[in-house]
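Listed below, chain by chain, are the residues.
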Amino acid sequence: MTEPVPGSDHAVITRALTRRFGHRVAVDHLDLQVRSGELYGFLGPNGAGKSTTLRMLCGLLEPSEGGGEVLGIDLVAEPERIKSVIGYMSQKFSLYDDLTVSENLTFYARVYMVPRAARGPRIARMVQLADLGGREGQLAGTLSGGYRQRLALACALVHGPRLVFLDEPTAGVDPVSRRNFWGLIRRLADEGTTILVTTHYMDEAELCDTLGFIYQGRLIAQGAPASIKSTTFRQPVMEVEAADVRRAADVLADWEVIEEVQRVGTRLRLVVGDRQLAPADVERHLTLAGVETRWVQEVEPSVEDLFVSFVDKQRKARLREQLRALALSSEGGGPGEGR
Amino acid sequence: MASRLLGIIVKEFIHLRRDMLALVLALAVPVAMLFIFGWAINTDVKHIPTAVFDQSGSLEARLFLEAMVNSQYFELGRRATSQRELTRLIDSGEAKVGVVIPPDYARRLARQEASIQVIVDASDPQVATSALNAATSLGAQRSLEVLTQTLEGTRLGRQPQPPVDVRVRAWYNPDLVSAIFIVPGLIGALLMQTTITAMAVSVVREREKGTLEALIVSPIRRWELLLGKIVPNLVVAFGQMTMALVVAHYVFDVPIRGSLALLYALSLVFMMGTLGVGILLSTASRTVPQAMQLAFLTFLPSIYLSGLLFPIEGMPTGAQYLAAIIPLTYFLKIVRGIILKGVGFGHLWPSLVPLVIFGTVVFSLAVLKFRKQLD
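Here the protein sequences line up with chains A and B, keeping their order. When you line the first sequence up against our numbering, it's residues 1 to 339, in that order. When you line the second sequence up against our numbering, it's residues 340 to 714, in that order.
In case anyone wonders, no lab produced these hints; they're calculated from the structure. Fair warning: there could be bad hints in the mix.
Subject to a maximum C-alpha distance of 20 Å in a straight line, what follows is the list of computed DMTMM-like cross-link-like pairs (lysine to aspartate or glutamate) [claimed, not checked]:
id, chain 1, residue 1, chain 2, residue 2
1, B, Lys711, A, Glu62
2, A, Lys229, A, Glu300
3, A, Lys316, A, Glu256
4, B, Lys711, A, Glu256
5, B, Lys548, A, Glu168
Cβ-Cβ distance ranges computed for the label pairs, FRET-style [unchecked claim]:
id, chain 1, residue 1, chain 2, residue 2, range
6, B, Val570, A, Asp31, 40 to 50 Å
7, A, Asp131, B, Tyr589, 49 to 59 Å
8, A, Ala226, B, Val570, 53 to 63 Å
9, B, Gly549, A, Glu292, 48 to 58 Å
Note that beta-carbon positions come from the ideal geometry of N, C-alpha and C, so glycine has one too.
Please take these sequences and the hints and turn them into a complete structure.
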């Protein structure tokens, strides 16, 4: 049902992909490259243009300008053809609660025109993949969050697409299920399925092969998490533990070489503007100001730090707030928790 | 394509099977409605509680009262001993009708100038109408009898004939049974209610659950999705209709004089419009309760203005214009025409034309709106 992509090892390519709604530019000259068989994390706060981009890639929305190919199919010329070769899983899971596990799978198999003879084996494989064995006859509405999530993924994969779009697939799911789910999609990607996933969780993002950051409709960075960190992100990040955290924060915020100060639990996290600055310098500065400091050390920048670093200074605090609110609203820690 | 359409149809039937309550309701409600409307509601009110203030106490008065009872319309209860008591009985609602017979009734009757006062509590127009009609015709009948007797006593000595003999023959429903009039109409109302609600709810539920989103991303076509939802809906609607017809025929003795095939075929035309309304409502509502409320809003005018319960001829002109744009009005004419009169297509087409126009316009509009909303 899927055909080889002619002369390209990219599952998704867009060129200056743009979508306007009236005067508002939702997606602004986006150049996206998703290689075949990779796990691509598409990141950005709400309203950044993520879902508009996804809708154009699914063939639902016509670009105002620019274009691109999805599995080699032109998304302007043949949007309808794209629909049958991709898989799509939404945040809402799109399951019929009063249908059983296998009825849901059968339904999507029919909708995606899996040939009758292939249907049985495909569904059996999906049940196995999603670890739903023994629950085939259970109503989807009675499944718990993690099972529902995996069933939704199985439904999106039942026709064997080579490219799947996952739109915030872990929102509102408990941390253990999230970890299992990421293990599952990691395995799928390793077996050759291209996966484009949107997420608010920065810890999830670090598990991707490639990240694309979208902000205000523009792709502000694209690359492997490690390479983005080493090449794009040049500002050291430090953590400080002090006796009086609030005073330490005030002192550091007033220091011009410090770009950002955030409180993380009982510690402070600093983004430092000057690469020459060492942890010892920070400790000295605090001591001079009369703040008793337990320790200061340099840490790995998180993906969130990366993301925020692309945005100019006055917008940083607001963006952090947005990202934090999103992570909180979708509750709990992530798969990387406790590492 | 066949696979996608089949997928939707099969899924819709599973929904139906899983939701047993809804399915039982779908089939039981028509029967319950038939019983309520066809049996409990009778616009021809009989056995009206009647109080009498008989001041004459004569044989003639007793004869008149007996005639009243025999007509079955009046049930003589309390005998009042004064005009005031009679008024009190009517005020309190113990009696709906008061009959005052004057003291000189017998004497004046002999002189052919007797009068009897009948007071009707018209706060309930249905009762009042029945009572008025019955009392008037009783009066006319008694007069005729008195005239006849008087004439017999004259020297002419031959069988007298009343001057004008009006003979009314009630066609199609000779006993004027309300059920026979109402039950076929109910079938139309039922079809409308089911198709509008079920269609609207089945689309809105998918939107609420987020499954519509998945269908939009899937290669399914809009028409496949709609047709896949319409087919099971029609099956249920025809099931209800058949159920209602069986009960109407075997329980309420409603005769089925015309062609059932024609009835089912024309119902399909009617339902094209109502399904369209259902789809339109689904595009206008975000939640299932919203859709239900909107659906209810369309039933009210249809039920009261279509001539289902009250004759359109008796409505003020404005309401008659409204009735003329309600599709149920025309469908009721068709249902009653086929079931009660046994007429064929030749007589029905004037009612069919508005239905075809309504169906085509509304259905196309609905499909367009539906498509637009999904894009």
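- Message: Checking each numbered hint in turn, tell me which of them this model violates, lowest number first.
- Response: 4
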